[in-house]
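Visitor: What follows is each chain in one-letter form.
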Amino acid sequence: MTVTEAPPTSPAPARPPVHRTSVRRRLVPYWLLLPGVLWLVVFFVLPLVYQASTSVQTGSLEQGFEVTWHFATYWDALTEYYPQFLRSLLYAGTATALCLLLGYPLAYLIAFKAGRWRNLLLVLVIAPFFTSFLIRTLAWKTILADGGPVVEVLNTVGVLDVTSWLGMTAGDRVLATPLAVVTGLTYNFLPFMILPLYTSLERIDPRLHEAAGDLYAKPSTTFRKVTFPLSMPGVVSGTLLTFIPASGDYVNAQLLGSTDTRMIGNVIQSQFLRVLDYPTAAALSFILMAVVLITVTVYIRRAGTEDLV
Amino acid sequence: MEQYETERLSAAQLAAVRRSLTSGRGALSRRSLLRASGAGVFAAGGAGILSGCGIPPAKREAGTADSDDHSDKEKQITFSNWTEYMDTSEDGKSRPTLEAFTKRTGIAVKYTEDINDNVEFFGKIQPQLAAGQDTGRDLINVTDWLAARIIRLGWAQKLDPSLLPHAYANLSSQFRRVDWDPGRAYSYPWTGIPCVIAYNSRATRGRKVDSVTQLLDDPSLKGRVGFLTEMRDTIGMTLLDLGKDPGRFTDADYDAAIGRLQKGVDKNQIRRFTGNDYTSDLAKGDLAACLAWAGDVIQLQADNPEIKFAIPAAGYVTATDNLLVPAEARHRKNATRLIDYYYELPVAAQLAAYINYVCPVAGVGAELAKIDPELAKNPLIIPDEAMAAKSHSFRSLSSEEETAYEEKFAKLIGA
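Here the protein sequences line up with chains A and B, keeping their order.
Going by this note's numbering, the first sequence opens with residue -14, and the numbers climb by one from there.
Going by this note's numbering, the second sequence opens with residue 240, and the numbers climb by one from there.
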């Protein structure tokens, strides 16, 4: 606006530079976006398009695959493998719930009570990431070995009778049962729950607790009415960060599970590598993506948080 | 509807309608127009993009796999092998037989242990081979079914027999005839891998486990039995137990074997289907008995005398790992010379003494006895006649059979 209001006698060449800088300035966000967008296009959009195409192809490795718009693959894959889908959601859901139960008190402790131990505790939460995912999962095979101390104790106390009755274990062992898989998932994804919970708890002003106390709220009421609602963003993002990768995980089911604990990730892996049925594998991946998206959308709507940070 | 008829509306109402069309939620703004046309373009273009993808036939015409050979100019090869599949010196820093080869021929060997699993390795090299590109490997070592697939797809180079005098003369008769590579035109075995039954005698309380029937039915083993995720070993051993020949079976036989194993899964007799990881489970006793690869058993026994093995009376399946020169590899001749080198008796003996698998080289026994007389007597390394007679190999499968069988097997093992 200042340019148009300038007196007509002002030198003409002054205009274009002003104009150019404003164009350049308007382009800045796009330039900043460019690396990220390129990255996503190459490593997310293109593979996605390629997978979408693969899922409607038919053929074999030898004859090649052609796009025949064979959408029946989706239906076949769903009817064939729905038990694995349900199982994946069940295991991932259980693991997420366990992570929340285990992670919330810990995050609370670190945020409000840890004092000078806070940083050390946070490092300890992340410490398992310094070793490989595979090694950590294999360690559970030793921990849960038949006749090992953990299983012996659980057996003596009678916990295994209960889990056995629930169908989570078989007889007096834990390895190669659903319980082992859920345990492995819970362990491996716990830090993804704790860290977001910690960040949102840590932001809560302690004076709010004092205020609640001043208004004669019991500690439990303070937690219910103040702390927990304010930590909701952490709860939501923590559960998402746990649930989404857990529902596609196949390592835990493969190493700690048995034939009846296979999750959808195992099916996709075996369809891709073993059976070489690329269309079914691609269709299963898309169905998984859709299922997770829908579940998550419904969940976020229900949880009702706008900002997830 | 009536209230929207324009002549009945007041001026204020008209203005409100106009506003809602231009700046309200129903307004046709530039953004919503862009969004709508973008979606249209995506829908129309998406279909085009999707149908443009496709995966070309993997199969190459016979005889087109041979690449220009640079062996004489470049004295080198790249050799991809499994881990623990090459003799190493005590300190683990050098590989004596490979170094002797380089010293003699001047061919430098870039040795990589990048094969851990057949299906994964195939997934790794497949895109390059399918696109007709060099994988960067001159020699690979894969299990027979994968070797068969690679040859079937036309992805292997024919070997020059004149460069293979030792291999031709010394290949033991057990491995000479394979239906997937008649006359061994493309491949030579590196090792034979007998599939046997291994058991932890502590976990079985001293009981011997020596048949697939026992694995599947013995109640004392319930929940502590392992089978292999390698379809040909598990199904082959079950077929033998059912009195069928894995080298000549029908679809119905295959289904019968699957059904037999499914029962074991259903009644929780079978704990897991495993890859290489059965070794630790067996040593710990989490698995009391399982199908196992003979070479692993020898290594396990060295650490743990409680591990025993048995050869089922019904026979056993022997797979092989085979050396192949993949299509477009630059140094076929050098690679072929390396294959022949490992068929020289002293070299073969040195290798066999280290890796503990069945040596496919006939007459290696005397040489091996010089290194370690105990090993030379071990039927899992040098099979005696009785042992060799019980050995069976799994027949090769057509592409359709392979897909159908793997699908059924994947369902059995729950993947």
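Hints are computed from structural coordinates only; laboratory data are not their basis.
Be careful, since some hints might not be right.
Derived pair list, reagent style DMTMM-like, types lysine to aspartate or glutamate, alpha-carbon separation capped at 20 Å [to be verified]: (1) B/Lys298 x A/Glu47; (2) B/Lys506 x A/Glu47; (3) B/Lys523 x A/Glu137; (4) B/Lys461 x A/Glu47; (5) B/Lys547 x B/Asp490.
Visitor: Taking the hints in turn, state whether each one holds.
Guide: Hints, verified against the model:
no. : hint                : verdict
1   : B/Lys298 x A/Glu47  : holds, 5 Å
2   : B/Lys506 x A/Glu47  : violated, 38 Å
3   : B/Lys523 x A/Glu137 : holds, 15 Å
4   : B/Lys461 x A/Glu47  : violated, 42 Å
5   : B/Lys547 x B/Asp490 : violated, 34 Å
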